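Peer 1: Residue strings, one per chain:
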Amino acid sequence: MLETIWFILWTLLWAVYFVLDGFDLGLGVLQPFLARNEYERRVVYAAEGPFWDGNEVWLIAAGGVTFAAFPKAYAVMFSALYAPLLMLLFGLILRAVSYEFREKVENSLWRGFWDFVHFVANLVPALLLGVAFANLFQGIPIDVKGVFHGSLIGLLNSYGLVGGIFFVVVFMLHGALWLIIKSDDRLQLKAIACANFLWPVVVLLLGLFLWMTKTHTHIFDNYMANPALFALPVLALGGLIATRLMLSAGRIWSAWACHGLFILAVTFFGVSGLYPGIILSSLDPAASITVMNGASSPLTLKIMLAVVVVMVPIVIAYQVWMYRLFKDPLEVPKTQEY
Amino acid sequence: MDVVLLSRLQFAATVFFHFIFVPLTLGLSILVAFMESRYVVTGDEVWRKHTKFWGKLFLINFTLGVVTGITLEFQFGTNWSRYSEYVGDIFGSLLAIEATVAFFLESTFLAVWVFGWKKLSRKAHCLCIWLVTIGGNISALWIILANGFMQHPVGYVINSQANRCELASFADVVSNGFAWNMYAHTVLGSWALGGFFVLGVSAWHLLRKHQTDFFRRSFRMAAPWTLVMALLVAFTGDLNGKDVAETQPAKLAAMEAQWTTAKNVPFHLFVLPSEDKEENLVEAVGIPGLMSVIAYGSSEAEVKGLKDFPKEDRPPVLATFWTFRLMVALGCFFVLLALIAFVQRKRETINSKLLSCLVWNIPLPYLALGLGWAVAEIGRQPWIVYGLMRTQDGVSPLAATHVSVSFIAFIILYTLLGVLDIYLLRKYAISGSESEEADHA
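From first to last, the protein sequence lines are chains H and E. Positions 7 to 344 (the working numbering) are the ones given, in order, by the first sequence. Positions 83 to 523 (the working numbering) are the ones given, in order, by the second sequence.
It is worth saying that the hints were derived from the structure and are not from the lab. Treat the numbers as computed from the prediction; the structure is a model and nothing was measured. Take these hints with a grain of salt, some might be off.
[To be verified] Below, in silico cross-link-like pairs of lysine-lysine (DSS-like), each with a Cα-Cα straight-line distance of 25 Å or less:
1. E:K509 x E:K291
2. H:K110 x E:K200
3. E:K200 x H:K333
4. E:K291 x E:K389
5. H:K333 x E:K205
6. E:K324 x E:K393
7. E:K435 x E:K134
8. E:K345 x E:K435
9. E:K435 x E:K389
10. E:K291 x E:K345
11. H:K110 x E:K138
12. E:K134 x E:K291
13. E:K205 x E:K138
14. E:K435 x E:K291
15. E:K345 x E:K138
16. E:K134 x E:K201
17. H:K110 x E:K205
18. E:K201 x H:K333
19. E:K386 x E:K324
20. H:K110 x E:K134
21. H:K196 x H:K308
22. E:K291 x E:K324
23. E:K435 x E:K393
24. H:K110 x E:K393
[Stated by the list, open to error] Going by beta-carbon spacing under 8 Å, a handful of chain H positions derived as facing chain E:
25. Y80
26. Q144
27. M317
28. M328
Glycine is no exception: its CB is placed at the ideal position from the N, C-alpha and C atoms.
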């Protein structure tokens, strides 16, 4: 029971991370396509400015909770996915640095360099998170000792790649919706056109991803055994359709929130299919790490549950306050064009 | 090279690089919080300019501290997976608590502080920097409680069936005295570093008669703070030494290069140990019984020598000895330097030799803090968790080529980031207060 509660919390933390940092990552990928001059680029940076750091902490929390509640899963997941995780890490480091360093020197070459770094440093983590999670859904080649027998190329299999591209495009749409809120004039029109273009692409990719999930993974076994779970993909689909309706109605905050719900539901959809597994072995079912054999002691799980139940609502409360405080676009002086 | 050595080198490189940024984050945030509080209480515009100027340097430093910290959280899993499995029940929890209790607070309110100058009242804005400071310093507490468990494991039971350490008493883990003394020593050291940073940057401007009134004020503010912190660092260092003597006798013997077990052990000012010959080639200027007193509070106390530990249980003696000696020497120097700065702080013209000394001193507290960690971590060897798990048993089952590639990638990336960060810090530190310039223009 305690283990199952932790499985749900674990999924929730990753899902919240995707919902929140998703728009930063997506905006970083969109920036070179949408922002055509220094003013527009600064508007895009300002749209991420107060938020990205607080969003990224959800990744630290998700990683920390994996470590605390399912140490064996943390150990195997992070060592097996060594190369992609370190590339993800380098991406996150460079992303943060590009925000900070870009502004500090007024030189167009310097800024152009960091704009490029910023693009790559958002694209790579978004892609790799998708690749990693798709491979987790599919199962990875680990033996009973937790030793990984695959390779980086092996992780870039067709399902892994589709998962990666799916994540990137979903995050781009999430970022485009956010930019509509945070921009005006020409840039806002471009962001609206971009969101309108990306929405059907996301629908197509969702279809492809679900179809391949059926052919490449055992995720749907849990759904057949317990059809009530189908509420999750239905919720995801509902969120995506509502996003489109709200976008047409011009209610952008609602559109963004519905799209967040879509991301949340997609994450829960995939991870629920793993239960009771966390890391499935594609070599030997006995090598899979489950909530039973991978969880921490009941005492640790109880204490951590108390910590999370008290602290996460507090964190959410002050982060909501912060989002409301900065709900209007930051002022970007138009004169700084060159 | 084998995976163990490569993983150790990579962890050492990334943790030391991380700890270039952490102490200034801890030390400067609290000084900036004091500056802004003064502004709120007195309404004096100059304090607002100080908040802005030192706040900017704080921010340049902060970002790299954050991102290099993520590396460490990842690395326990990527490179030390056996270790993570073995102690995750306790160690992982402490890291997770750090993120949920402290790091969210620090990151969220820092963003509010940076972008919220016009959106918040003065008091609310000032409260934000205090929350950042509190978040950062609480964050350090949980990290050091986790490290404290590696140094002096308490509150656990071994589950032999699952082959891992499990939590027996959370209260014991969080009230680990060894960890609290380490925390005090580390945080006070970071606060001293922040003080020396403010003194050093102020001294640079005072030497050049640039914005003199402005930087005299920060000098006057930082001098007493730095003196108090330098003294407290020495005091808590002594407490740490006594903890080590009690719980990690092999580390103590290596720190002092004590080869044979003896009572009434003298302290020698000059020592040249030899690891091969298992003796000290030079021992000069001894003070009778002092080492027994330092370690155990009594000249009659027995100090266990290295030769009474099996060779496979000894830490590397030379590295532990020299890092410790150098740290202590720097610590003594800091007390002296802070004392002179304190005495001179109100003079119309502060002695220029003192000022240049303070400028050149800026990197030394960083060095001292790095050396302190080296003593703690190298001295703990060959254990990853003292007495429970050896370092070589904690490493991930990875190919050496993978770790070589990542190690080289870290070195290249971190070198570039370090150079850029120092360049930017220097650029903004020497340009002085922008609003001060604007007022004069």
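Peer 1: Evaluate each hint against the coordinates.
Peer 2: Taking the hints in turn, this is what the structure says about them:
no.	hint	result
1	E:K509 x E:K291	18 Å, holds
2	H:K110 x E:K200	21 Å, holds
3	E:K200 x H:K333	14 Å, holds
4	E:K291 x E:K389	58 Å, violated
5	H:K333 x E:K205	21 Å, holds
6	E:K324 x E:K393	23 Å, holds
7	E:K435 x E:K134	29 Å, violated
8	E:K345 x E:K435	45 Å, violated
9	E:K435 x E:K389	47 Å, violated
10	E:K291 x E:K345	56 Å, violated
11	H:K110 x E:K138	10 Å, holds
12	E:K134 x E:K291	21 Å, holds
13	E:K205 x E:K138	20 Å, holds
14	E:K435 x E:K291	14 Å, holds
15	E:K345 x E:K138	54 Å, violated
16	E:K134 x E:K201	16 Å, holds
17	H:K110 x E:K205	28 Å, violated
18	E:K201 x H:K333	11 Å, holds
19	E:K386 x E:K324	14 Å, holds
20	H:K110 x E:K134	15 Å, holds
21	H:K196 x H:K308	49 Å, violated
22	E:K291 x E:K324	46 Å, violated
23	E:K435 x E:K393	48 Å, violated
24	H:K110 x E:K393	53 Å, violated
25	Y80	5 Å, holds
26	Q144	20 Å, violated
27	M317	4 Å, holds
28	M328	6 Å, holds
In summary, the numbered hints that this structure violates are 4, 7, 8, 9, 10, 15, 17, 21, 22, 23, 24 and 26.
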